[in-house]
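Asker: The residues making up each chain are set out below.
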Amino acid sequence: MTALGALFYLLSAVLLLAAALAATRRNPVHAVCCAVATFLAAAGIFAVLGAPLPGALEVVVYAGAIMVLFLFIIMLLGLKTAPGPVPQARLIVPGVMAAATLVALFALIGADPTVRTPLPAAVASPAAVGTVLFDTYWLAVEAVSVLLFAALAAALLLGRAPRPADPRTPAGLAAGKEGQSA
Amino acid sequence: MTTTIALMLLFPLAGAVFQAAFGSRLGRRASGLAAAAAVAGALAAALAAVSGLGVAPRHVGFGQWFAFDGLSVAFSVLYDRVAGLMAVMVTFVALLIHLYSTVYMRHDKAYARYFCYLNLFVFFMLVIALADDLVFLFMGWEGVGFCSFALIGFWHEKLANVDAGRKAFLMTRVGDLGYVAALALLVAAFGHASASELAARAGTLSPGMATAVALLFVFAAFGKSAQLPLSSWLPDAMAGPTPVSALIHAATMVTAGVYLLMRLEPLLAVAPAAGATASLVGAATALYGAVCALGQRDVKRILAYSTISQVGYMFLAAGCGDVSGAFFHLQAHAFFKSLLFMCAGIMIQACREEHDIFRMGRDLRRRMPGLFVLFACGAAALAALPPTSGYFSKGRTLADALAHPGPAFQIAFVLGVVAAFVTALYVFRMVFVAFFAEPDQPARPDHDPAIARMQRPLWPLAFLALVYGFANTPGFMHIKPFLDAYLAGTATPIPPEVEAAELFVASLDAFLALAGLGLAWALYRPARRPAAAADGWLTAGLGLDALYRRSLAGPYCRLAAFLWRGVDEDVLNGGVSAAAAGVSGLSAALRRLGSGRVSASLTALFGAAAAMLLWLALRLA
Amino acid sequence: MNVPLSHVLAVAALLFAIGGICATARRSIIMILVGVEFMLTAACIAFVGGALAWGNLDGQAAAIIVMGVAAAEAAVGLALLVHGRRGGGTAEADDYNRLGGRP
Numbered sequence: 001m002t003a004l005g006a007l008f009y010l011l012s013a014v015l016l017l018a019a020a021l022a023a024t025r026r027n028p029v030h031a032v033c034c035a036v037a038t039f040l041a042a043a044g045i046f047a048v049l050g051a052p053l054p055g056a057l058e059v060v061v062y063a064g065a066i067m068v069l070f071l072f073i074i075m076l077l078g079l080k081t082a083p084g085p086v087p088q089a090r091l092i093v094p095g096v097m098a099a100a101t102l103v104a105l106f107a108l109i110g111a112d113p114t115v116r117t118p119l120p121a122a123v124a125s126p127a128a129v130g131t132v133l134f135d136t137y138w139l140a141v142e143a144v145s146v147l148l149f150a151a152l153a154a155a156l157l158l159g160r161a162p163r164p165a166d167p168r169t170p171a172g173l174a175a176g177k178e179g180q181s182a
Numbered sequence: 183m184t185t186t187i188a189l190m191l192l193f194p195l196a197g198a199v200f201q202a203a204f205g206s207r208l209g210r211r212a213s214g215l216a217a218a219a220a221v222a223g224a225l226a227a228a229l230a231a232v233s234g235l236g237v238a239p240r241h242v243g244f245g246q247w248f249a250f251d252g253l254s255v256a257f258s259v260l261y262d263r264v265a266g267l268m269a270v271m272v273t274f275v276a277l278l279i280h281l282y283s284t285v286y287m288r289h290d291k292a293y294a295r296y297f298c299y300l301n302l303f304v305f306f307m308l309v310i311a312l313a314d315d316l317v318f319l320f321m322g323w324e325g326v327g328f329c330s331f332a333l334i335g336f337w338h339e340k341l342a343n344v345d346a347g348r349k350a351f352l353m354t355r356v357g358d359l360g361y362v363a364a365l366a367l368l369v370a371a372f373g374h375a376s377a378s379e380l381a382a383r384a385g386t387l388s389p390g391m392a393t394a395v396a397l398l399f400v401f402a403a404f405g406k407s408a409q410l411p412l413s414s415w416l417p418d419a420m421a422g423p424t425p426v427s428a429l430i431h432a433a434t435m436v437t438a439g440v441y442l443l444m445r446l447e448p449l450l451a452v453a454p455a456a457g458a459t460a461s462l463v464g465a466a467t468a469l470y471g472a473v474c475a476l477g478q479r480d481v482k483r484i485l486a487y488s489t490i491s492q493v494g495y496m497f498l499a500a501g502c503g504d505v506s507g508a509f510f511h512l513q514a515h516a517f518f519k520s521l522l523f524m525c526a527g528i529m530i531q532a533c534r535e536e537h538d539i540f541r542m543g544r545d546l547r548r549r550m551p552g553l554f555v556l557f558a559c560g561a562a563a564l565a566a567l568p569p570t571s572g573y574f575s576k577g578r579t580l581a582d583a584l585a586h587p588g589p590a591f592q593i594a595f596v597l598g599v600v601a602a603f604v605t606a607l608y609v610f611r612m613v614f615v616a617f618f619a620e621p622d623q624p625a626r627p628d629h630d631p632a633i634a635r636m637q638r639p640l641w642p643l644a645f646l647a648l649v650y651g652f653a654n655t656p657g658f659m660h661i662k663p664f665l666d667a668y669l670a671g672t673a674t675p676i677p678p679e680v681e682a683a684e685l686f687v688a689s690l691d692a693f694l695a696l697a698g699l700g701l702a703w704a705l706y707r708p709a710r711r712p713a714a715a716a717d718g719w720l721t722a723g724l725g726l727d728a729l730y731r732r733s734l735a736g737p738y739c740r741l742a743a744f745l746w747r748g749v750d751e752d753v754l755n756g757g758v759s760a761a762a763a764g765v766s767g768l769s770a771a772l773r774r775l776g777s778g779r780v781s782a783s784l785t786a787l788f789g790a791a792a793a794m795l796l797w798l799a800l801r802l803a
Numbered sequence: 804m805n806v807p808l809s810h811v812l813a814v815a816a817l818l819f820a821i822g823g824i825c826a827t828a829r830r831s832i833i834m835i836l837v838g839v840e841f842m843l844t845a846a847c848i849a850f851v852g853g854a855l856a857w858g859n860l861d862g863q864a865a866a867i868i869v870m871g872v873a874a875a876e877a878a879v880g881l882a883l884l885v886h887g888r889r890g891g892g893t894a895e896a897d898d899y900n901r902l903g904g905r906p
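Residue numbers (the numbering used here), protein chains in the order written: chain A, 1 to 182; chain B, 183 to 803; chain C, 804 to 906.
Same shape as in the complex, but just chain A (with noise of 0.2 Å):
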């Protein structure tokens, strides 16, 4: 076992206990911190795995601002923590078919011999990497920079508090009418 491996095994088992907690959590709040502690623990395994940029930017992007919007939404709609636990009868369908992919999973993985050799130590440089999506993936990127910026017009349209006089909405309408009658 070499130092990267022990690494590797436990940032991954700290990602998945800050997975299973963050699933469990009444407290929006909590349950987002622990997402973040998810998602740093998963920055840390792709750069055990030789690959630092996806780190780093699963730090900034994921963790820093995802989550950070997350927190965001949560204080400013005041979510009240969930008054009581997950029914049991909510639980069974989930299970079972979380049950189901697992085991096909594992089947899938164990079924091939290629994947059981050990990986090899290495690390991919950022301009490397950056070289190859502004290369053989530039259609990706600039398909990702359209989506990203229709998120951006949507989140924008979709989080403007309705103009008083707008005819198009039911309060706006009402609104309307109050103003012509005053």
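Bear in mind the hints are in silico, worked out from the structure with no lab data behind them. Treat the hints loosely; a few may be bogus.
[Unchecked claim] Here are the computed distance ranges between Cβ atoms for each label pair:
no.: 1; chain 1: A; residue 1: Ala-128; chain 2: B; residue 2: Met-794; range: 28 to 38 Å
no.: 2; chain 1: A; residue 1: Gly-64; chain 2: C; residue 2: Gly-891; range: 25 to 35 Å
no.: 3; chain 1: A; residue 1: Leu-71; chain 2: B; residue 2: Ala-803; range: 38 to 48 Å
[To be verified] Negatives, chain C to chain B, calculated, CB over 10 Å:
no.: 4; residue: Asn-805
no.: 5; residue: Pro-807
no.: 6; residue: Ser-809
no.: 7; residue: Ala-813
no.: 8; residue: Leu-817
no.: 9; residue: Thr-827
no.: 10; residue: Leu-843
no.: 11; residue: Trp-857
no.: 12; residue: Gly-858
no.: 13; residue: Val-869
no.: 14; residue: Val-872
no.: 15; residue: Ala-878
no.: 16; residue: Val-879
no.: 17; residue: His-886
no.: 18; residue: Arg-889
no.: 19; residue: Gly-892
Note that the Cβ used here is the ideal one computed from N, Cα and C, for glycine as well.
We have chain A; now place chains B and C onto it with these hints.
Answerer: Only chains B and C this time, still in chain A's reference frame:
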């Protein structure tokens, strides 16, 4: 001859159709007279036909009814002297009853329906009287059963009347099972079933088969003629109008069973066990009917049990193979019993629908002396006082039993003798209580003059009840027996032992009748102020009806209720409803998948992914 | 390091399962979105492991692209949640069911 017979059958049928179509448009009188005219036409045709009849029977055919492999049925008529006399008697009594009905039913609104059924009944009874082919006879047999049902339940607004009609129909139906079974056996043996066929070929049947067929016909006759064990429908059938009781349940339909046995006498000759059964059961029924009549208060029920008893005597004679003796008693009984029933109808109307004899009394006799004379003639004939018709005819049946060899007939004779004594007793009980007593609570009288007019058609019957006996006197009186001579060529002649027994029986009978009269006078004369006993065992017909209700009708009703509630509702309906509910539940469960809930969609996605991975894993493994 | 690829894939599978349960069993929209993020992260781990195993950088590029997509999806999902709450709704996924038929 063919036309005359056809006319005889068609007159009442046309009358019935006419009544059904136009009867309600005519007035009551016109409708009644039209019905009576139809029967009068039939009577004229019957007289014309019988006058041209020789000793040899005439076979008249009206064509084939249907035929297929193994069975052929035709509208064939065996017109011999027995049939001729029967047709004359039926139409004569029916004519008098029609005339009586026009006055009796004067207040009823449904007169058209009444006369239609009455004419239809005469038609079917003539079919029974004349038919040769036994399936054709069965058509008449069922037809009179239906008309009886319709007429017993004539006043159908009261449910009890309908129940009585249904009971009569169902009980005679049980007897008809015997008829159909016998028909099946005969058709299997000969290919078709007719009385003349049987007369010719009865000997070719094996003794077992002949006995079986004969016993089945005897059972059918028991049902139609209200003998034990199928007798309890007749007292309840008194729910119908009184002229119906007079026609159907005194003179014609209840004698149809005996008539059948008379027509099938060649068969009974080769099956002596059946004849013995008929005689023994007939005598037992005679005693049963007489004893039960002693416990009745309702005048019509007394006469009903009396009919059961007297028809038993006819069975006694028919079982001995004496066709003319049985026929003699049949005719005499028709005359005096229909006379008694019609007098009972007058009594009932004169006392404002009061049936209880213990509420009629001396007043009735003083108000309507003619009625008393008529009733007394009938009662004397019924009790077999010498020299009425009943005396000679009943004496003849008892002589048949005494003279016939065999222990069954000896027992039957003893039963018949005891019944004769009881008959005289109950008849004179009825006469003394209804016409001589002074009741504590008499019925209110009705002085409608129409009631007295109803007596007019009854005088010919009273005359016949008194003198008809001289048509067939026993040998020791040395007067020519006209009936025996007339039927001599047609039926088996009387054995000489019967003639020897007749003197003994005649004296015994006279003694018994007078003894009964004496005892009745001692018990029921007005000075003793006879009071009715409480309703008991005798009134209920010795519990026969209750026995049937408990042992047959009760379990059947429970089985029907179980099949209705347990099987039809719970199993069949319940199964269909459960299937519908199951489909509905299944669709409700499936509907939740398409509810638009995000969780459902996510779960479905996850499930699909899991399924695909599993499939992939299975393919590679 | 002597970690076989199968272990990396197993870790990814377990994280995927946990994310699946979180997404399907929880009612709150926040938790559903968290579950989806877990599942996407599991996919990223698998991609990176494969890239290391076969010496190919395409896997790392794919992981970056997936992260971009996840960001866009989280933004739009949360914007929808805010919009729904502002219209008087709740934060429960079961209450947004008007696309379903009447029972």
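Asker: At 10 Å, judged by beta carbons, does C:Asn-805 keep clear of chain B as stated?
Answerer: 26 Å, holds
Asker: Once the closest CB in chain B is found, is it more than 10 Å from C:Pro-807?
Answerer: 19 Å, holds
Asker: Say whether it holds or is violated: C:Val-879 keeps its Cβ farther than 10 Å from all Cβ of chain B.
Answerer: 14 Å, holds
Asker: Verify that the Cβ of C:Gly-892 lies farther than 10 Å from every Cβ atom of chain B, and report whether the claim holds or is violated.
Answerer: 12 Å, holds
Asker: Confirm or reject: C:Val-872 is not an interface residue toward chain B, with every Cβ-Cβ distance exceeding 10 Å.
Answerer: With a cut-off of 10 Å, C:Val-872 remains clear of chain B, as the shortest Cβ separation is near 16 Å.
Asker: Does the claim that C:Val-869 lies outside the interface with chain B hold up, using a Cβ gap greater than 10 Å?
Answerer: 16 Å, holds
Asker: Check the non-interface label on C:Leu-843: least C-beta distance to chain B beyond 10 Å or not.
Answerer: 14 Å, holds
Asker: Please check whether A:Leu-71 and B:Ala-803 have a Cβ separation lying inside 38 to 48 Å.
Answerer: Roughly 44 Å apart at Cβ, these two residues keep to the hinted range, so it holds.
Asker: Once the closest CB in chain B is found, is it more than 10 Å from C:Ala-878?
Answerer: 18 Å, holds
Asker: Taking the closest pair, is the beta carbon of C:Gly-858 still more than 10 Å from chain B?
Answerer: 25 Å, holds
Asker: Once the closest CB in chain B is found, is it more than 10 Å from C:Ser-809?
Answerer: 14 Å, holds
Asker: Beyond 10 Å from every chain B Cβ: check whether that's true for C:Ala-813.
Answerer: Answer for C:Ala-813: holds, closest chain B Cβ roughly 14 Å.
Going through the hint list in order, the structure does not satisfy hint 9, though it satisfies all others.
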